[in-house]
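From first to last, the protein sequence lines are chains A, B, C and D. Heads up, the first sequence is in our numbering, so the first residue is 115 and it goes up one at a time. Heads up, the second sequence is in our numbering, so the first residue is 115 and it goes up one at a time. Heads up, the third sequence is in our numbering, so the first residue is 115 and it goes up one at a time. Heads up, the fourth sequence is in our numbering, so the first residue is 115 and it goes up one at a time.
Where hints are given, some of them may not hold.
The list makes no distinction among identical chains, and a pair is therefore deemed to hold if it is satisfied within one copy or across any two copies.
No more than 30 Å apart at the CA atoms, straight line, and that leaves these computed lysine-lysine pairs for DSSO-like [unchecked claim]:
no.: 1; residue 1: K222; residue 2: K412
no.: 2; residue 1: K179; residue 2: K298
no.: 3; residue 1: K144; residue 2: K173
no.: 4; residue 1: K194; residue 2: K144
no.: 5; residue 1: K248; residue 2: K179
no.: 6; residue 1: K194; residue 2: K170
no.: 7; residue 1: K179; residue 2: K144
no.: 8; residue 1: K414; residue 2: K222
Because the hints were derived from the structure by calculation, they are not lab data. Here the structure is a predicted model, which is why all the values come from computation and not from measurement.
4 protein chains.
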Amino acid sequence: MLNVSIAGGSGYVGGELMRLIDGHPTLTLKSVSSERLAGRFLHQQHPHLRSGEPRKFVKMEDIDKGDILILALPHGEAVKNIDLFTGLAERVIDCSADFRLDSPDVYKEYYGHDHVAPDWLQRFRYGLPESNRKYVRDARYVSGVGCNATATNLALLPLIRAGIVTPTTHVVADIKAGSSESGKSATTSGQHAERAQVMRSYAPTGHRHAAEVEQVTGLNNVHMSITAVDAVRGAMATVHTLVDLDLDERSLWGIYRDFVADEPFVRIVHERGGAHRHPDPKTLLGTNFADIGWSYDKNKGRLVALAAIDNLMKGAAGSAIQSLNLMCGFEEDAGLGFTGIWPH
Amino acid sequence: MLNVSIAGGSGYVGGELMRLIDGHPTLTLKSVSSERLAGRFLHQQHPHLRSGEPRKFVKMEDIDKGDILILALPHGEAVKNIDLFTGLAERVIDCSADFRLDSPDVYKEYYGHDHVAPDWLQRFRYGLPESNRKYVRDARYVSGVGCNATATNLALLPLIRAGIVTPTTHVVADIKAGSSESGKSATTSGQHAERAQVMRSYAPTGHRHAAEVEQVTGLNNVHMSITAVDAVRGAMATVHTLVDLDLDERSLWGIYRDFVADEPFVRIVHERGGAHRHPDPKTLLGTNFADIGWSYDKNKGRLVALAAIDNLMKGAAGSAIQSLNLMCGFEEDAGLGFTGIWPH
Amino acid sequence: MLNVSIAGGSGYVGGELMRLIDGHPTLTLKSVSSERLAGRFLHQQHPHLRSGEPRKFVKMEDIDKGDILILALPHGEAVKNIDLFTGLAERVIDCSADFRLDSPDVYKEYYGHDHVAPDWLQRFRYGLPESNRKYVRDARYVSGVGCNATATNLALLPLIRAGIVTPTTHVVADIKAGSSESGKSATTSGQHAERAQVMRSYAPTGHRHAAEVEQVTGLNNVHMSITAVDAVRGAMATVHTLVDLDLDERSLWGIYRDFVADEPFVRIVHERGGAHRHPDPKTLLGTNFADIGWSYDKNKGRLVALAAIDNLMKGAAGSAIQSLNLMCGFEEDAGLGFTGIWPH
Amino acid sequence: MLNVSIAGGSGYVGGELMRLIDGHPTLTLKSVSSERLAGRFLHQQHPHLRSGEPRKFVKMEDIDKGDILILALPHGEAVKNIDLFTGLAERVIDCSADFRLDSPDVYKEYYGHDHVAPDWLQRFRYGLPESNRKYVRDARYVSGVGCNATATNLALLPLIRAGIVTPTTHVVADIKAGSSESGKSATTSGQHAERAQVMRSYAPTGHRHAAEVEQVTGLNNVHMSITAVDAVRGAMATVHTLVDLDLDERSLWGIYRDFVADEPFVRIVHERGGAHRHPDPKTLLGTNFADIGWSYDKNKGRLVALAAIDNLMKGAAGSAIQSLNLMCGFEEDAGLGFTGIWPH
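The whole structure should be built from the sequences, with the hints applied where relevant.
Below, the structure written as structure tokens:
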């Protein structure tokens, strides 16, 4: 058994990490820090964790050195003390956006300021096993993934590997996103009365996750738009492309089957009928699965690539634990093989 | 006062038409037919109509000849008896898809079968005043509009008039749609437990409303995708374009201001801050307004055009009454000038 | 035309008051104050008010003396400056809880501290026309109503007038309430992700509105519980009573018909079939109606009285304007006679 | 390993049973029947079951004799062929309402017709371990539980054991219920547009589950009302009682602690602050837990007992598997010890 501590465990990603660690066969939860909640019970913040022996948040300074440290801090907090954090554990996973990009220049372009610890950018591996498995395996430092980036990446990767989408292709990634993406902090625009039933274009252009997609896919022209909709969880990528090739359903099935063949968490959803013909995050609640699919319009030369994930799982905590499994030499799906909840 | 009858008044569009007619200064509701509900009270089907003297559904055969007849029947029903219907009133508005397209060939391409009464296609005017006002004015036969088409059209028209989008431009219209688009009939996939919190790609390619957009805009390459989300009302068009021109905010403001200058129901929403920076159907509930806006990314040469409507109003019943006002020489906004409901 | 100003117009009740005043035949909106938002446009806070000439919030000190002043301030703010406010207008309506109770002792019992201006308690009339019409008519100072109290009062009043419920009867008022009851301020527990799909017992005992019910009804044993549910608007009172009398449907119909006979906004909903057999706030969105009904179980001697309202309308702004109409000698339903929105 | 088959696996309870059996350490899913869906994949009906080897529905006649048969058929279907079903397996659990009541007379009173196989009523044990553990253990035939009954029973049992509530006490059980209680079949009143944001009194009096509560608790005066609210899962019981005794928080804590001491799935939720002071089904999604609590108003002599469950789990499939564990001599919480999903 390896022990895991979480720095910054008051948010939704922290809550999911604890659920996953509690259910993991070879991990033990050691400490969870929150400066604001230190001394309070975990289950008062995370009501799904009420069972078992009550456990309390601690101060950061009370996290002892251990096997693995996962940082679930707000963006910008991990980088400030990265030397401290990396001294606290053999392996570190940072779920924030601080170490996702390889290039300090791209970081500055998208985040609007210089990276505080640029030397560390190259030392962190981007924690999306589907694109980066061999580098995550045995890595000491792994970065988490952006949820919208992950949905887009998983929609695009099969087409890129098949050569259908090339570095110069323009792709439009239109993402629908649930309210948990905004985190747990109180905002007026996030109040139920304001947020219920919205179709709110919160980032029609300029979303930072586009940088992650361009890095992972090698594409130069990723156009991302995010619309907040009424769901708590879920990121749904509708990725629009125009293709020159003459495709057909059979070849597309082949391309997608090749892609998922050895992937424990990526599945094809492409049915001819019924309500679940295409990927939908609603069917994935609480799981680490990413469902991918497509819709092809031969007349228009148009291929729409689809990917659905649970933003807190495959888009955050789930990919982190999947990466942790690779880092530690565990089965890649250890502690992540459960079935989702339907309906909800 | 002119009298209006409604054929096929059991659905949501029918219910909205009654609300609008009841509140209209120069219209009186005469008869509402429903073969299935004849003899039952309107308010048993449409609970918002409970006030005032109770009124009943009648059989179609009991609709007397009158000034105006609005058809709110399922697609395919109006066309079957169009000679009968046009004999029942001086002016006829058909809210279904039966008479929206000018070309029988395009109809066949999108609907999969020959049009039953092709001669009538040219006699109906497409009832979107923002594109077709001069033809709707004084017309005898007007067709309703598709809700997703209307959101897309209103997003695109300012850019087309300004020459930014041209007939050969590829545009991707990614629509988010509420559950009332599916109508009131019972389906398993529409049950609350199945439909709550979905991000369901119900038409990633091949949606029929693309034909309406190409007809109205003159564009040749309209790529439409529809995703069902958890809202009862609303159609939100995120229309993605790449533009060659060198635009700026000032010129875009000018383009949009020109477009809305004489439009009673189209408004610009383009704020620098706050939760309501961009159009959102949630802010339009129950109104005939269409809010339009944009987001421009100079670096990427990318312009995202946005439009939000209430699908049952500007996308159906509201545009029908707006057209009726034009047909009858009333003020264009007669009976439609009320304020929406916030929050809800 | 009389002019109306609103002190404290940043919240949901303020937004509804503006909508109602804009649509009122004999009222003109003069000034709306908000210390925080002074200088900003009304529609930036209240997106449904975007149409027409843009108007701005002002500071309180910039509200000129006028005909009517409506206070939509947080609880406790009106009472602090009541002398100032009552000097600003001929007639004053306070929507807060500051002047709802007649007795300083009861106020202290429920609010936990002495009333700051007890002399004013007797000068304010409780603004529920259905119980207090003759005192509201021509009053200078009228208090708004509690939303949960109003649903409970309107459920109970028919039974009290008929002698079925007497001062010593124990009644249990189990209220289901929407999120707009909590107002617009940012709280963690009110965030969409936390508040969606809840059934949250936020006041199983001890809710302050019980005091209003006991005052209005004269009952001594009103037991109120409030459960927050997933709706933006609505207060639904399920009022449980045990009755000794031998009742039947005919006599109950008579009792309810007598009660609503002269009420412009109270309606009976008691159908034998269909989805709308009983009152439901969903059918009342944006209206001033209160729907009342009952369910009687002869075997158990049990009578459940039901009442549904839109908490921001009949439970706040709507009753305020209805009271204003009475105070000013207008038609009681002036500006309030519109139809609601269905579905939503 | 014991094998389990499910008769009638197309509904939500069937889907949950499969999830639980798949995750159970000593159970294997053998066959799942559905006359309508035979030959189709399980995951086409139950999208959360997409992983692993695809499995198909079979016809009832193709269910082989095995260790355990769970009936998840519509009410009235199990009883018709109970001799057949009980011949198919060593142990049978029926999730319907057919065998919940001991008395044919009570059955007739609540269900309106004679029981078809009254001899079997006494052979089935009521499958609520918290009230009936010793009879469920080693039983061959166990009946499932009603979800609303279970929430009410678990709210009341601690108070009954402590003598605070006695057989003659009048208790009012006001239940809030999610849409999954209505099952998966298509109805107009269950469509998303009709069902979203409702507070619908679908059974203000006369709900059948009251019979189950009176049977389990021994009370004579259980007054139940059910209100449908906008949630997919959840049954929340607000149980109103008036008590003569002089209680205090300490004694109540003692009573509740005694009750849950040996219960693996019942937990006390009674916090002094925060959003989660009281039980709320939202915190229990997908779990077999029942959270219970109370609110006591000494002045009014009023005790409100609260219980929250996931209606498809503790209110159906979860209690069934918990009973199965007892019947088979497994650990009572085998396969049920996972953590819920938060937020959702």
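Status of the hints after comparison with the structure:
1. Taking the shortest alpha-carbon separations for K222 and K412, only the inter-copy value of 18 Å comes in at or below 30 Å, while the best intra-copy value is 40 Å.
2. In this assembly of identical chains, K179 and K298 lie within 30 Å of each other by CA distance solely inside one copy; the values are 28 Å within and 44 Å between copies.
3. For the identical chains of this complex, K144 and K173 are intra-copy neighbours only, at 13 Å inside a copy versus 50 Å across copies, given an alpha-carbon limit of 30 Å.
4. In the homo-oligomer, the alpha carbons of K194 and K144 lie at most 30 Å apart inside one protomer (23 Å), although the nearest pairing across protomers, at 52 Å, exceeds that limit.
5. Proximity of K248 and K179 under a CA criterion of 30 Å is satisfied intra-copy only: 27 Å inside one chain copy versus 48 Å between copies.
6. Taking identical chains as interchangeable, the C-alpha atoms of K194 and K170 lie at most 30 Å apart only when both belong to the same chain, with a minimum of 25 Å there against 42 Å between chains.
7. Taking identical chains as interchangeable, the C-alpha atoms of K179 and K144 lie at most 30 Å apart only when both belong to the same chain, with a minimum of 10 Å there against 48 Å between chains.
8. Taking CA atoms no more than 30 Å apart as the test, K414 paired with K222 passes between copies only; the shortest distance there is 17 Å, against 38 Å inside one copy.
In terms of the numbered hints stated before, the structure departs from none.
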